[in-house]
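Trainee: The listed protein sequences derive, respectively, from chains Y and B.
Just so we're aligned, residue 1 is where the first sequence starts under my numbering, counting upward by one.
Just so we're aligned, residue 1001 is where the second sequence starts under my numbering, counting upward by one.
Check the hints yourself; a few may be wrong.
Cβ-to-Cβ under 10 Å is the rule here; a few derived chain B residues that face chain Y [to be verified]:
| hint | residue |
| --- | --- |
| 1 | Gly1032 |
| 2 | Gln1038 |
| 3 | Phe1046 |
| 4 | Tyr1051 |
| 5 | Phe1072 |
| 6 | Thr1076 |
| 7 | Gly1096 |
| 8 | Leu1099 |
Since the hints were derived computationally from the structure, they do not count as laboratory data.
Backbone N, C-alpha and C define an ideal beta-carbon position, used for all residues, glycine too.
Okay, here's what each chain looks like letter by letter:
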Amino acid sequence: DGGITQSPKYLFRKEGQNVTLSCEQNLNHDAMYWYRQDPGQGLRLIYYSQIVNDFQKGDIAEGYSVSREKKESFPLTVTSAQKNPTAFYLCASSVGDTQYFGPGTRLTVL
Amino acid sequence: EDQVTQSPEALRLQEGESSSLNCSYTVSGLRGLFWYRQDPGKGPEFLFTLYSAGEEKEKERLKATLTKKESFLHITAPKPEDSATYLCAVQAPEAGTALIFGKGTTLSVSS
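Can you make the complete structure from the sequences, with help from the hints?
Mentor: In structure tokens form, the structure reads like this:
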């Protein structure tokens, strides 16, 4: 089955910890994206990558980091510098203009 | 600043009661307008892309239309399984291929 997978589905972080969210796609899409979703707000762009070994900051990149070493993978690290990381994180990939989303990871800070 | 505004925030319908959701946008040089459906706790599911004023797309009970300033998602004779949050997003030249999302309209259809 072709698709986008995100893991884990639920993640708990203690104060001061870095955590990494996984995003993998087997759709052969060049571009990949990370969005954050908070209750009552629209999805906000964190980072995006249009090609391997290249990525750009989105609107809310502070406290986050990414890498794009393989076409299939675009992991997101939430660092201790992100002061309010509790949210639903969504990864997407695109062919042409259309973005397709993964199932999401819900991160909670304890 | 580019903005996407969706209304209403929430909509309750009886099964079979048709209605429309609105998405208004202020974007210089719209490249595309997208509609997604999102169920609770899940990722958005792609529905439609519209590129130019006057364009229409249909899928089952849903029909999306586009003007120069807004888009409508018409729901004809909805069923309870149409209950979800519907998200509108636009693609603007300065954002590359990324999308700018509205806050969504949560639709509840009761039988």
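Trainee: Next, verify each hint and record whether it holds.
Mentor: We went through each hint and held it up to the structure:
1. With a cut of 10 Å, the hint placing Gly1032/B at the interface with chain Y holds, because the nearest CB-to-CB distance is about 5 Å.
2. Nearest Cβ of chain Y to the Cβ of Gln1038/B: about 9 Å, under the 10 Å cut. The hint holds.
3. At a threshold of 10 Å, the smallest CB-CB gap from Phe1046/B to chain Y is about 6 Å, leaving the interface hint in force.
4. Given the 10 Å rule on beta carbons, the hint for Tyr1051/B holds: about 8 Å separates it from the nearest Cβ of chain Y.
5. For Phe1072/B, the interface hint is violated, since its Cβ never comes within 10 Å of a Cβ in chain Y; the closest pair sits about 18 Å apart.
6. The beta carbon of Thr1076/B comes no nearer than 24 Å to any beta carbon in chain Y, farther than 10 Å, and the hint placing it at the interface is violated.
7. A distance limit of 10 Å between C-beta atoms decides the matter here; for Gly1096/B the minimum to chain Y is near 7 Å, and the interface restraint holds.
8. The criterion of a C-beta within 10 Å of any C-beta in chain Y is met by Leu1099/B, whose closest approach is roughly 6 Å, and the hint holds.
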